[in-house]
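Please build the complete structure, drawing on both the sequences and the hints.
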Amino acid sequence: MNRQLISSGSPWEGPVGYSRAVRVGNLVEVAGTTAMDGDMVTGTDCYTQTKRILEKIADALHEAGATMDHVVRTRIFVTDITQWQEVGRAHGEVFKNIRPASSMLEVRALIDARLLVEIEASAVIS
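Numbered according to the numbering used here, the sequence shown spans residues 11 to 136.
Read the hints as simulated data drawn from the structure, not as lab findings. For each residue, glycine too, the CB sits at the ideal point set by N, CA and C. Any given hint could turn out to be false.
[Said to hold, decoys possible] Okay, the calculated beta carbon distance ranges per label pair:
1. Leu15 x Arg83: 15 to 25 angstroms
2. Arg99 x Ala119: 18 to 28 angstroms
3. Asp90 x Gly35: 30 to 40 angstroms
4. Arg13 x Thr92: 38 to 48 angstroms
5. Arg124 x Trp94: 15 to 25 angstroms
6. Ser132 x Ser20: 15 to 25 angstroms
7. Thr54 x Arg13: 33 to 43 angstroms
8. Thr54 x Glu103: 18 to 28 angstroms
9. Asp90 x Ser136: 29 to 39 angstroms
Pasting the structure below:
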């Protein structure tokens with residue numbers, strides 16, 4: 011089966027051994043995505059970071075031949091679960107009509123202390 015690797019150009023992809031997204035057949039898996047843009051983080055609050063993350067996920071899906079409409083599952087990792095409403099509001103603005111299965115979990119930390127949210131997505135192209 012054909013395997014398409016989508017790169018974000020992150021300096022971590024090679025050394026860590028991952029891709030921003032992978033498409034195999036009609037399945038697209040998008041790796042954990044944060045609001046890290048180069049050395050900068052877009053946004054200092056959960057809402058803004060989540061909006062940026064979802065833009066980056068949409069870009070990766072587009073490169074794989076998919077859209078947000080194809081997303082069937084998201085996994086959301088937050089460093090402060092008390093901020094779930096802000097994360098949920100941004101997620102809902104994108105997915106309110108698509109309504110993928112979703113999980114939100116609190117984690118102790120992400121790879122950079124400025125990061126508050128990380129999201130993974132799975133999409134099936136019909």
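We went through each hint and held it up to the structure:
{"no.": "1", "hint": "Leu15 x Arg83: 15 to 25 angstroms", "result": "20 angstroms, holds"}
{"no.": "2", "hint": "Arg99 x Ala119: 18 to 28 angstroms", "result": "23 angstroms, holds"}
{"no.": "3", "hint": "Asp90 x Gly35: 30 to 40 angstroms", "result": "37 angstroms, holds"}
{"no.": "4", "hint": "Arg13 x Thr92: 38 to 48 angstroms", "result": "40 angstroms, holds"}
{"no.": "5", "hint": "Arg124 x Trp94: 15 to 25 angstroms", "result": "19 angstroms, holds"}
{"no.": "6", "hint": "Ser132 x Ser20: 15 to 25 angstroms", "result": "20 angstroms, holds"}
{"no.": "7", "hint": "Thr54 x Arg13: 33 to 43 angstroms", "result": "37 angstroms, holds"}
{"no.": "8", "hint": "Thr54 x Glu103: 18 to 28 angstroms", "result": "19 angstroms, holds"}
{"no.": "9", "hint": "Asp90 x Ser136: 29 to 39 angstroms", "result": "36 angstroms, holds"}
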